[in-house]
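Peer 1: Chains A and B, in that order, are what the protein sequence lines are.
Using my numbering, read the first sequence as starting at 1 and increasing by one per residue.
Using my numbering, read the second sequence as starting at 1001 and increasing by one per residue.
For the record, the hints were derived by calculation from the structure and aren't laboratory data.
As the structure is a computational prediction, the values presented were derived from the model and not from experiment.
We put the beta carbon where it would ideally sit given N, CA and C, even for glycine.
There may be inaccurate statements among the hints.
The following label-pair restraints were derived from C-beta to C-beta distances [claimed, not checked]: (1) B/SER1027 x A/ASP2: 26 to 36 Å; (2) A/ASN59 x B/SER1027: 18 to 28 Å; (3) B/ASP1063 x A/GLN81: 40 to 50 Å; (4) B/GLY1040 x A/THR12: 18 to 28 Å; (5) B/SER1027 x A/THR12: 36 to 46 Å; (6) B/ASN1052 x A/GLU15: 40 to 50 Å; (7) A/LYS60 x B/GLY1042: 37 to 47 Å; (8) A/THR70 x B/SER1027: 32 to 42 Å; (9) B/LEU1039 x A/THR5: 14 to 24 Å; (10) A/GLU15 x B/SER1027: 36 to 46 Å; (11) A/SER79 x B/THR1013: 44 to 54 Å; (12) B/PRO1055 x A/ASP54: 25 to 35 Å.
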Amino acid sequence: GDSVTQMEGPVTLSEEAFLTINCTYTATGYPSLFWYVQYPGEGLQLLLKATKADDKGSNKGFEATYRKETTSFHLEKGSVQVSDSAVYFCALILRSGAGSYQLTFGKGTKLSVIP
Amino acid sequence: GAGVSQSPSNKVTEKGKDVELRCDPISGHTALYWYRQSLGQGLEFLIYFQGNSAPDKSGLPSDRFSAERTGGSVSTLTIQRTQQEDSAVYLCASSLSGGFPTDTQYFGPGTRLTVL
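All chains should be built: construct the whole structure from the sequences, respecting the hints.
Peer 2: In structure tokens:
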């Protein structure tokens, strides 16, 4: 079945460090890909998305490029801030057999940024 | 409304009792989804509504789980005879149409259910 694998956390970085969170997927079709973020005490928020190969999603300094050849959608940020501390979820969306576009999530990566 | 809202935010119940969880989607969103977030299973899909119909119930873990949606708006997820393994955060999401893979799903803050 469809699945998403993302790097295990927790990840601890110093402020202004470079961030990469790896995400790879397995899917039978051509999914849309998403990164969601969950800040402490808050709900899931869409961070960025890409809907076709070679698309780059970007938001708040974060970027991810849809790589069909490597089935990857790695999240990157050049200089993290303490406020980026959160749990990051990679997800894909495909049409299910029953006709819905349900999200399939990775297990999440907790990022802690220290001053 | 401004966003997806869910109630209650926290629910503690005893094993064997029934619980109802409520979701108010964003106004005008025809698609509504329920997900569950638990330590062991991560985030998993439960059920999808298009309007008041539920064409995809494939994620409901057992027949103790049911959901309905009325007026194309509010949805209620009901868990009967709760078990300890039902303890999780139940998340609701809505999207504008549900008919396209590019539709963004907007999530509510969740209901944390604890079954003692």
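Peer 1: For each hint, tell me whether it holds in the structure or not.
Peer 2: Hints and how they fare:
Between B/SER1027 and A/ASP2 the beta carbons are some 31 Å apart, a value that agrees with the proposed interval 26 to 36 Å. A/ASN59 and B/SER1027 have their C-beta atoms about 24 Å apart, which keeps the hinted 18 to 28 Å range intact. One distance hint, 40 to 50 Å for the beta-carbon pair B/ASP1063 and A/GLN81, holds here, with the actual separation near 47 Å. Restraint check, B/GLY1040 to A/THR12: a C-beta distance of roughly 24 Å satisfies the suggested window 18 to 28 Å.
Evaluation of the 36 to 46 Å hint for B/SER1027 and A/THR12 yields a pass: the beta carbon distance comes to about 40 Å. Checked against the hint of 40 to 50 Å, the pair B/ASN1052 and A/GLU15 passes, with Cβ atoms roughly 49 Å apart. The hint said 37 to 47 Å for the Cβ distance between A/LYS60 and B/GLY1042, and at roughly 24 Å that hint is violated. In this structure, A/THR70 and B/SER1027 meet the distance hint of 32 to 42 Å, their C-beta atoms being roughly 40 Å apart.
Here the CB-CB span from B/LEU1039 to A/THR5 is close to 18 Å, well matched to the stated 14 to 24 Å. In this structure the hint that A/GLU15 and B/SER1027 lie 36 to 46 Å apart at CB holds, the actual value being about 39 Å. Here the CB-CB span from A/SER79 to B/THR1013 is close to 45 Å, well matched to the stated 44 to 54 Å. At about 32 Å, the beta-carbon gap between B/PRO1055 and A/ASP54 stays in the expected band of 25 to 35 Å.
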